[in-house]
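Trainee: All chains, please: the whole structure from these sequences, using the hints.
Residue numbers (our numbering), protein chains in the order written: chain U, 1 to 548; chain X, 1 to 548.
Heads up, a few of these hints could be off.
Note that the list lumps identical chains together, so a pair holds whenever it fits in one copy or between two copies.
As the list claims (entries may be wrong) - With a cut-off of at most 30 Å between alpha-carbon atoms, the simulated DSS-like pairs for lysine-lysine come out as follows:
hint : residue 1 : residue 2
1    : Lys-46    : Lys-268
2    : Lys-30    : Lys-182
3    : Lys-295   : Lys-17
4    : Lys-90    : Lys-178
5    : Lys-438   : Lys-17
6    : Lys-178   : Lys-100
7    : Lys-277   : Lys-295
8    : Lys-178   : Lys-377
9    : Lys-400   : Lys-46
10   : Lys-229   : Lys-315
11   : Lys-399   : Lys-182
12   : Lys-315   : Lys-178
13   : Lys-243   : Lys-277
14   : Lys-229   : Lys-101
15   : Lys-268   : Lys-297
16   : Lys-90    : Lys-370
17   : Lys-377   : Lys-182
18   : Lys-30    : Lys-178
Because the hints were derived from the structure by calculation, they are not lab data.
2 protein chains.
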Amino acid sequence: MSIQSQELISMAISAQKTRQFYAAYPENPKAYPEEANQQGLEAFQKTLNQDFTELAENAHSQRVGSEISPYMQVGLGVRYASYSAEDLIKYAQEAAPAWKKTTADQRAAVLVDSLNRISTRFFEIAYATMHTTGQSFVMSFQASGPHANDRALEVVSLAWEELSRFATELDWIKPMGKFDLKIRKTFQAIPRGIGLVIGCSTFPTWNTVPGLYANLMAGNPVIVKPHPKAILPIAIVVAEIQKALQAAGLPANLVQLAPDTLENPITKQLAEHPAVKCIDYTGGSAFGDYIEELKGKTTFTEKAGVNSVILDSVKDADPVFGNIAFSACLYSGQMCTAPQNIFVPENGINTANGPLTFEEVVERISGAVKGLVENPKMGPFTLGAIQNEMTVNRVDAAKKGARVALDSIPVVHPEFPDARMKSPVVMVTEAANTTLWKQECFGPALVVVKTKSNAESLELAAKAAEELGAITCLCYSTDHSFATEVAEQMNAAFTPVSFNFTGAAFVNQHAAFSDFHVTGGNPSGNAGFTNPEYVNKRFVWVGNRYAE
Amino acid sequence: MSIQSQELISMAISAQKTRQFYAAYPENPKAYPEEANQQGLEAFQKTLNQDFTELAENAHSQRVGSEISPYMQVGLGVRYASYSAEDLIKYAQEAAPAWKKTTADQRAAVLVDSLNRISTRFFEIAYATMHTTGQSFVMSFQASGPHANDRALEVVSLAWEELSRFATELDWIKPMGKFDLKIRKTFQAIPRGIGLVIGCSTFPTWNTVPGLYANLMAGNPVIVKPHPKAILPIAIVVAEIQKALQAAGLPANLVQLAPDTLENPITKQLAEHPAVKCIDYTGGSAFGDYIEELKGKTTFTEKAGVNSVILDSVKDADPVFGNIAFSACLYSGQMCTAPQNIFVPENGINTANGPLTFEEVVERISGAVKGLVENPKMGPFTLGAIQNEMTVNRVDAAKKGARVALDSIPVVHPEFPDARMKSPVVMVTEAANTTLWKQECFGPALVVVKTKSNAESLELAAKAAEELGAITCLCYSTDHSFATEVAEQMNAAFTPVSFNFTGAAFVNQHAAFSDFHVTGGNPSGNAGFTNPEYVNKRFVWVGNRYAE
Numbered sequence: 001m002s003i004q005s006q007e008l009i010s011m012a013i014s015a016q017k018t019r020q021f022y023a024a025y026p027e028n029p030k031a032y033p034e035e036a037n038q039q040g041l042e043a044f045q046k047t048l049n050q051d052f053t054e055l056a057e058n059a060h061s062q063r064v065g066s067e068i069s070p071y072m073q074v075g076l077g078v079r080y081a082s083y084s085a086e087d088l089i090k091y092a093q094e095a096a097p098a099w100k101k102t103t104a105d106q107r108a109a110v111l112v113d114s115l116n117r118i119s120t121r122f123f124e125i126a127y128a129t130m131h132t133t134g135q136s137f138v139m140s141f142q143a144s145g146p147h148a149n150d151r152a153l154e155v156v157s158l159a160w161e162e163l164s165r166f167a168t169e170l171d172w173i174k175p176m177g178k179f180d181l182k183i184r185k186t187f188q189a190i191p192r193g194i195g196l197v198i199g200c201s202t203f204p205t206w207n208t209v210p211g212l213y214a215n216l217m218a219g220n221p222v223i224v225k226p227h228p229k230a231i232l233p234i235a236i237v238v239a240e241i242q243k244a245l246q247a248a249g250l251p252a253n254l255v256q257l258a259p260d261t262l263e264n265p266i267t268k269q270l271a272e273h274p275a276v277k278c279i280d281y282t283g284g285s286a287f288g289d290y291i292e293e294l295k296g297k298t299t300f301t302e303k304a305g306v307n308s309v310i311l312d313s314v315k316d317a318d319p320v321f322g323n324i325a326f327s328a329c330l331y332s333g334q335m336c337t338a339p340q341n342i343f344v345p346e347n348g349i350n351t352a353n354g355p356l357t358f359e360e361v362v363e364r365i366s367g368a369v370k371g372l373v374e375n376p377k378m379g380p381f382t383l384g385a386i387q388n389e390m391t392v393n394r395v396d397a398a399k400k401g402a403r404v405a406l407d408s409i410p411v412v413h414p415e416f417p418d419a420r421m422k423s424p425v426v427m428v429t430e431a432a433n434t435t436l437w438k439q440e441c442f443g444p445a446l447v448v449v450k451t452k453s454n455a456e457s458l459e460l461a462a463k464a465a466e467e468l469g470a471i472t473c474l475c476y477s478t479d480h481s482f483a484t485e486v487a488e489q490m491n492a493a494f495t496p497v498s499f500n501f502t503g504a505a506f507v508n509q510h511a512a513f514s515d516f517h518v519t520g521g522n523p524s525g526n527a528g529f530t531n532p533e534y535v536n537k538r539f540v541w542v543g544n545r546y547a548e
Numbered sequence: 001m002s003i004q005s006q007e008l009i010s011m012a013i014s015a016q017k018t019r020q021f022y023a024a025y026p027e028n029p030k031a032y033p034e035e036a037n038q039q040g041l042e043a044f045q046k047t048l049n050q051d052f053t054e055l056a057e058n059a060h061s062q063r064v065g066s067e068i069s070p071y072m073q074v075g076l077g078v079r080y081a082s083y084s085a086e087d088l089i090k091y092a093q094e095a096a097p098a099w100k101k102t103t104a105d106q107r108a109a110v111l112v113d114s115l116n117r118i119s120t121r122f123f124e125i126a127y128a129t130m131h132t133t134g135q136s137f138v139m140s141f142q143a144s145g146p147h148a149n150d151r152a153l154e155v156v157s158l159a160w161e162e163l164s165r166f167a168t169e170l171d172w173i174k175p176m177g178k179f180d181l182k183i184r185k186t187f188q189a190i191p192r193g194i195g196l197v198i199g200c201s202t203f204p205t206w207n208t209v210p211g212l213y214a215n216l217m218a219g220n221p222v223i224v225k226p227h228p229k230a231i232l233p234i235a236i237v238v239a240e241i242q243k244a245l246q247a248a249g250l251p252a253n254l255v256q257l258a259p260d261t262l263e264n265p266i267t268k269q270l271a272e273h274p275a276v277k278c279i280d281y282t283g284g285s286a287f288g289d290y291i292e293e294l295k296g297k298t299t300f301t302e303k304a305g306v307n308s309v310i311l312d313s314v315k316d317a318d319p320v321f322g323n324i325a326f327s328a329c330l331y332s333g334q335m336c337t338a339p340q341n342i343f344v345p346e347n348g349i350n351t352a353n354g355p356l357t358f359e360e361v362v363e364r365i366s367g368a369v370k371g372l373v374e375n376p377k378m379g380p381f382t383l384g385a386i387q388n389e390m391t392v393n394r395v396d397a398a399k400k401g402a403r404v405a406l407d408s409i410p411v412v413h414p415e416f417p418d419a420r421m422k423s424p425v426v427m428v429t430e431a432a433n434t435t436l437w438k439q440e441c442f443g444p445a446l447v448v449v450k451t452k453s454n455a456e457s458l459e460l461a462a463k464a465a466e467e468l469g470a471i472t473c474l475c476y477s478t479d480h481s482f483a484t485e486v487a488e489q490m491n492a493a494f495t496p497v498s499f500n501f502t503g504a505a506f507v508n509q510h511a512a513f514s515d516f517h518v519t520g521g522n523p524s525g526n527a528g529f530t531n532p533e534y535v536n537k538r539f540v541w542v543g544n545r546y547a548e
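Mentor: Given below as structure tokens:
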């Protein structure tokens, strides 16, 4: 392991244990060379309407590519070499033995090298992310660049720690009375086999690199199956990992990109192949359930969930409604961590400046959303664009089942007049109307659910988390004993709670080296970034014994 | 945590990391007070033909008990309070909150206390084990007493380490340029829910306590469902854990015994209950597969497998055949670690004193088994008794499909003339006769399989491990490069290999704090004592965040 990677990894291990703030890759674009932004934009523009040839290519018959910019509503025209599932498996198997022989130190060194290479392309990856996912530039930069790299480094460090935790070679000496029994023992973490990592259309690198790097640390070759509509960001990442592998004299095919199309998907062929042993998946619940139920596979899923806000009592109302509005508007609610249902008691809530009725709460939430959305300096850049037309339709359909307190407001992006935009709709409903709020309405939608009391709010939120899954919960309460109850009940449904967030603290944000992302305990997914299970289920400890 | 438990656990953690020999509970009966053996025998005798009333009893309508001594062929007459699945779940749920609140330190202290209490009853547990499983006295003492306690302590220490690995409370401070974002965070390992531990008839405590203690450390209440024919040993263990819990002011129902009968089994009702979240199982593959496929459960299984001996070349032949014979005779092959198939090339094997033909190898193996079995000081005490009549029938049926080189030899136990005994049958077959050797023949049976070469021996052994599972593999080879190949191929099938074992080193023995038992990577089971996964899949990390 090179000095630099050694140092990075030991800092990462320490951050992860103490769960303190740590950023190996600064999230502020200004921390990078001044010309980097312009160069990144140009590099992105050069890839458009071209064959993407940066990947180590194997023999292939065709190219695919159907990405469309949500900002420009035009195709990117980038074409990627495509392969059959059988060929991808074959290449992975050919590459595997060389990687299996490497030590945890060697793997970590190669992978940290890859992260450093990727960091030189953060701006290009940001533009690629922006024009496939619809994220704003800042979010694209942060989520797909430094935050993704930090999550990957977190996985590398945790896996390094796991792989190094037992003695690998020793003399075991057992006193037998008259003599000693002496046995030489060796212990090795054997990679499980090929890892398949299935990406999503909204966070093409952030949600992909943890499984990708965890598999590589475990010694598993990886096939990355991106979402057909968000390939370019992860294609650049895969290319840089391949370069780091090759620079270390290792086969590029240890990580392969497996692009496909919506018309001819190859995900199931890959997932069901007996040589594929580990599967990471981010996306809808139906396909996620299918993945989890495949026999003989170790799976890591992040699926749908319904995130709640429990509104009980607040000190100062404005910062609270502002915070909720921002969390709902950020990337137009297209985040697995975005709040959806806001449970408010029918008698309203208390504030330091007197009570607010239920209707006043609804008005204030709507007003906060409206204020943010209509602010020309904030609105378009917070909302970003809608990745998929279906998200617009989903929200429009939901509206029919509720009273609409705030409808979507037309927003025009100053730079991209054709951007597909839709500001959050604020709906209001009775708790009994479960068809509306007891399902994920992924996208720009908030549902204010009227409850009998804060106790019912908690009961409904906890039950929804248990039955439908939840990745986050936001609670506002100045009542210590109620807050304690919320923590207990929601945690029992394996859902983390953020209390009284205002200002720059947002429920949507899960920081590497500190916040676990998805607990793995409720239906929103069976795995979490990055707990020990996330890495140590990808390899198997095997010991051999040698008599003297 | 008391000083003693603190010390024990830190020694256990260190042993586990270095994988050196460590025994918290001496395996030699002579290390215990002189009168202990006699007292243990008397205590055992006193329980016979009685209601077993040592457990904290809840309201119940009936008692069950149908254990039969394989040594005496008479019923033990011990009757245990029996409960419906619903009642067991209810009691577990009532007890759960008090345990959930305890810290890892408190749990470890209570559980170490329980192990110390159990250690005062090792002799009684030994007689209970002997007269339910058919194990010899020495094996009963070691396996159900000190070795089981060591495995339990190993689990406690690993779980303690896992539960202590992250900061539990901290201020997370992120520099934001003009200000610092400060968030208070707490992290907690939330217990998954009720643990069900399903025991087997041959190792009623050794195979049960790891899952039992792992669940308790994770904070899960446990229901122990023993095999109907081997209840007493684990009933004593459960009673002692209950006493340790009660001494600490905790509910006894955190661990409950759930005895049933072969006629009215309750295992499926318990396993399928939605409140049961973790299931440990030791036993046959068909039921194990059913357990693994249950939805929404975290499962830990040890199922059937086919263990191989790869015989290539040896220095001195006699100690090798003696070692194989002992491993096959020990508890009449009723160990999941016992060798079954011995792959021998048709051209025979090399020894330092010249070659041995295939037929000579068969003769020498048969001779070694015969010599051991017929030695009146060794035979009966190595063989023990056959737990289940079906084991005798299984071996008799297998014999019809093979050439029998050595048939079972009548052995009479000097103390127990009615003991159900059967010495190992040595069968010989061609590799093509897969119906004989490509299935587990649990019990006293060895199959010498004739192969074309040592390469074919390895190929068949590796394939069998991959397809049918294997817990151990024994290899004899003086050829370093072949041995390396064996390690590589068998390890790739997630099977550990023991090389050139003679003398006091036996493939059957897996030592706590050093050998993993079952890798979890092949069909012989999906979990291993005791790797990190074994404990950290039983709880879920959840973090809460508090804004300032």
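Trainee: Decide, hint by hint, whether the structure agrees.
Mentor: These are the hints, each one checked on the structure:
1. Taking identical chains as interchangeable, the C-alpha atoms of Lys-46 and Lys-268 are never at most 30 Å apart, the minima being 33 Å within one chain and 62 Å between chains.
2. Taking identical chains as interchangeable, the C-alpha atoms of Lys-30 and Lys-182 lie at most 30 Å apart only when they sit on different chains, with a minimum of 22 Å there against 61 Å within one chain.
3. Taking the shortest Cα distances, Lys-295 and Lys-17 never come within 30 Å of each other, neither inside one copy (34 Å) nor across copies (32 Å).
4. Taking the shortest alpha-carbon separations for Lys-90 and Lys-178, neither the intra-copy value of 55 Å nor the inter-copy value of 53 Å comes in at or below 30 Å.
5. For the homomeric pair Lys-438 and Lys-17, neither the shortest alpha-carbon distance inside one copy (36 Å) nor that between copies (47 Å) is at most 30 Å.
6. Taking the shortest alpha-carbon separations for Lys-178 and Lys-100, neither the intra-copy value of 42 Å nor the inter-copy value of 47 Å comes in at or below 30 Å.
7. Proximity of Lys-277 and Lys-295 under a CA criterion of 30 Å is satisfied in both settings, with 10 Å inside one chain copy and 19 Å between copies.
8. Taking the shortest alpha-carbon separations for Lys-178 and Lys-377, only the inter-copy value of 20 Å comes in at or below 30 Å, while the best intra-copy value is 84 Å.
9. Taking the shortest Cα distances, Lys-400 and Lys-46 never come within 30 Å of each other, neither inside one copy (44 Å) nor across copies (74 Å).
10. In this homomeric assembly, Lys-229 and Lys-315 never come within 30 Å of each other (Cα to Cα): the closest approach is 44 Å inside a single copy and 64 Å across copies.
11. For the homomeric pair Lys-399 and Lys-182, neither the shortest alpha-carbon distance inside one copy (73 Å) nor that between copies (37 Å) is at most 30 Å.
12. Taking identical chains as interchangeable, the C-alpha atoms of Lys-315 and Lys-178 lie at most 30 Å apart only when they sit on different chains, with a minimum of 24 Å there against 76 Å within one chain.
13. Taking the shortest alpha-carbon separations for Lys-243 and Lys-277, only the intra-copy value of 25 Å comes in at or below 30 Å, while the best inter-copy value is 44 Å.
14. Taking identical chains as interchangeable, the C-alpha atoms of Lys-229 and Lys-101 are never at most 30 Å apart, the minima being 36 Å within one chain and 47 Å between chains.
15. Both within a single protomer and between protomers do Lys-268 and Lys-297 lie at most 30 Å apart by alpha-carbon distance, with minima of 13 Å and 24 Å respectively.
16. Taking the shortest alpha-carbon separations for Lys-90 and Lys-370, neither the intra-copy value of 54 Å nor the inter-copy value of 50 Å comes in at or below 30 Å.
17. Proximity of Lys-377 and Lys-182 under a CA criterion of 30 Å is satisfied inter-copy only: 26 Å between copies versus 74 Å inside one chain copy.
18. Taking the shortest alpha-carbon separations for Lys-30 and Lys-178, only the inter-copy value of 15 Å comes in at or below 30 Å, while the best intra-copy value is 72 Å.
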